[in-house]
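Undergrad: If you want the building blocks of each chain, they are given just below.
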Amino acid sequence: AQSVSQHNHHVILSEAASLELGCNYSYGGTVNLFWYVQYPGQHLQLLLKYFSGDPLVKGIKGFEAEFIKSKFSFNLRKPSVQWSDTAEYFCAFRPGGYQKVTFGIGTKLQVIP
Amino acid sequence: EAQVTQNPRYLITVTGKKLTVTCSQNMNHEYMSWYRQDPGLGLRQIYYSMNVEVTDKGDVPEGYKVSRKEKRNFPLILESPSPNQTSLYFCASRDRGYEQYFGPGTRLTVT
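Chains as they are written, first to last, in this note's numbering: chain C, 6 to 118; chain R, 269 to 379.
Think of the hints as simulated: they come from the structure by calculation, not from any bench. Please note that the accuracy of each hint is not assured.
[As the list claims (entries may be wrong)] Think about it this way: if two alpha-carbon atoms lie no more than 16 Å apart in a straight line, the pair counts; the simulated EDC-like pairs of lysine to aspartate or glutamate are:
#	chain 1	residue 1	chain 2	residue 2
1	C	K113	C	D90
2	R	K286	R	E347
3	C	K113	R	E347
4	C	K54	C	E69
5	C	K105	R	D324
6	C	K66	C	D90
7	R	K286	R	E330
8	R	K337	R	D324
9	R	K337	R	D327
10	C	K54	R	D363
11	C	K74	C	E93
12	C	K54	R	D306
13	R	K337	R	E298
14	R	K339	R	D327
15	C	K105	R	E298
16	C	K105	R	D327
17	C	K105	R	E367
18	C	K105	R	D363
[Stated by the list, open to error] Using C-beta positions, here's what the derived DEER-type ranges look like:
#	chain 1	residue 1	chain 2	residue 2	range
19	R	K333	C	E69	36 to 46 Å
20	R	N296	C	P84	30 to 40 Å
21	C	K63	R	S350	27 to 37 Å
22	C	P45	R	M295	22 to 32 Å
23	C	K113	R	E347	25 to 35 Å
24	R	E269	C	A21	17 to 27 Å
Just so you know, even glycine gets a beta-carbon here, dropped at the ideal spot from N, CA and C.
Using the sequences and the hints given, assemble the complete structure.
TA: What follows is the structure, given as structure tokens:
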């Protein structure tokens, strides 16, 4: 079955630390990949997406993600986190040819000032 | 302003009392869906709609109904709510680039 997994469910970092959140999917064909962010009490917003081309995707607020096809991964990174990055982050993917987008269970990031 | 709206934002109800959560989008999107968000389970799709009068089950459709009579509206109906439907519900619409636009959420408590 097609699925997406996020390895870290709860991450605590100090401000200025670097961030990497893992995301792996299971599907052998082409995929579209997304990262969404949910700030406390708010709805989900798109951070970035990958469809094709350059596997290194840059999003809003200094986030980036790298698609590594051989590893079925789409990890989210940020070189230096801020307190305002405290939120829950969801990886999502859409197998090519399908309409449905499947979400991971989310990673809660807490940034300590 | 492009947006997805949901009402109500908060609802406390009792078991068995029918309720409807409305969802409306102003972006002329064809695809809309409903999700529920539960701690440790992430977002799970309840129902989706590819266009007017075209709906289909998602991963957790039991206990829910939807309708899509107009392109902009996609209400979620709980005919006989039960406590296990206590959750945070999000409506979303999607553009052709598969980016989803989420509503603000409806926090439902069924006692």
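Undergrad: Next step is simple, just say for each hint if it's right about the structure.
TA: To see whether the hints hold, each was checked on the structure:
Among the hinted pairs, C:K113 with C:D90 is consistent with the structure: their alpha-carbon atoms are about 10 Å apart, no more than 16 Å. As the CA atoms of R:K286 and R:E347 are separated by approximately 5 Å, the hinted pair is consistent with the 16 Å bound. Note on C:K113 and R:E347: the hinted pairing is violated, with a Cα-Cα distance of about 33 Å set against a maximum of 16 Å. Pair hint C:K54 plus C:E69 holds up; C-alpha atoms about 9 Å apart against a cutoff of 16 Å.
Annotation: proposed proximity of C:K105 to R:D324 holds, straight-line Cα distance about 11 Å (limit 16 Å). Taken as a hint, the C:K66 and C:D90 pair is honoured in the structure, with Cα atoms around 9 Å apart against an allowance of 16 Å. About 15 Å separates the Cα atoms of R:K286 and R:E330, which keeps this hinted pair within 16 Å; it holds. A C-alpha spacing of about 14 Å is found between R:K337 and R:D324, which places the hinted pair at or below 16 Å, so the restraint holds.
Restraint check: the Cα-Cα separation between R:K337 and R:D327 comes to about 22 Å, which exceeds 16 Å; the hinted pair is violated. In summary, the hint linking C:K54 to R:D363 is supported, as the alpha carbons are separated by about 13 Å, within the 16 Å threshold. About 25 Å separates the Cα atoms of C:K74 and C:E93, which puts this hinted pair outside 16 Å; it is violated. Restraint check: the Cα-Cα separation between C:K54 and R:D306 comes to about 24 Å, which exceeds 16 Å; the hinted pair is violated.
At roughly 12 Å between alpha-carbon atoms, R:K337 and R:E298 fall within 16 Å of each other, so this suggested pair holds. At most 16 Å may separate the alpha-carbon atoms for a hinted pair to count; R:K339 and R:D327 exceed this at roughly 23 Å. The hinted pair formed by C:K105 and R:E298 meets the criterion: a straight-line CA distance of about 14 Å does not exceed 16 Å. Of the supplied pair hints, the one linking C:K105 and R:D327 holds, its CA atoms being roughly 10 Å apart against a limit of 16 Å.
Between C:K105 and R:E367 the alpha-carbon distance is near 12 Å, which keeps this suggested pair within the 16 Å criterion. For a cut-off of 16 Å, the pair hint linking C:K105 to R:D363 stands: about 13 Å separates their Cα positions. For R:K333 and C:E69, the Cβ-Cβ distance of about 41 Å falls inside the hinted range of 36 to 46 Å, so the restraint holds. Between R:N296 and C:P84 the beta carbon distance is about 38 Å. The supplied range of 30 to 40 Å therefore holds.
The supplied range of 27 to 37 Å is broken by C:K63 and R:S350, whose beta-carbon atoms lie about 45 Å from each other. The supplied range of 22 to 32 Å is met by C:P45 and R:M295, whose beta-carbon atoms lie about 26 Å from each other. The given range of 25 to 35 Å is respected by C:K113 and R:E347, whose C-beta atoms sit roughly 34 Å from each other. At about 35 Å, the CB distance of R:E269 to C:A21 disagrees with the hint of 17 to 27 Å.
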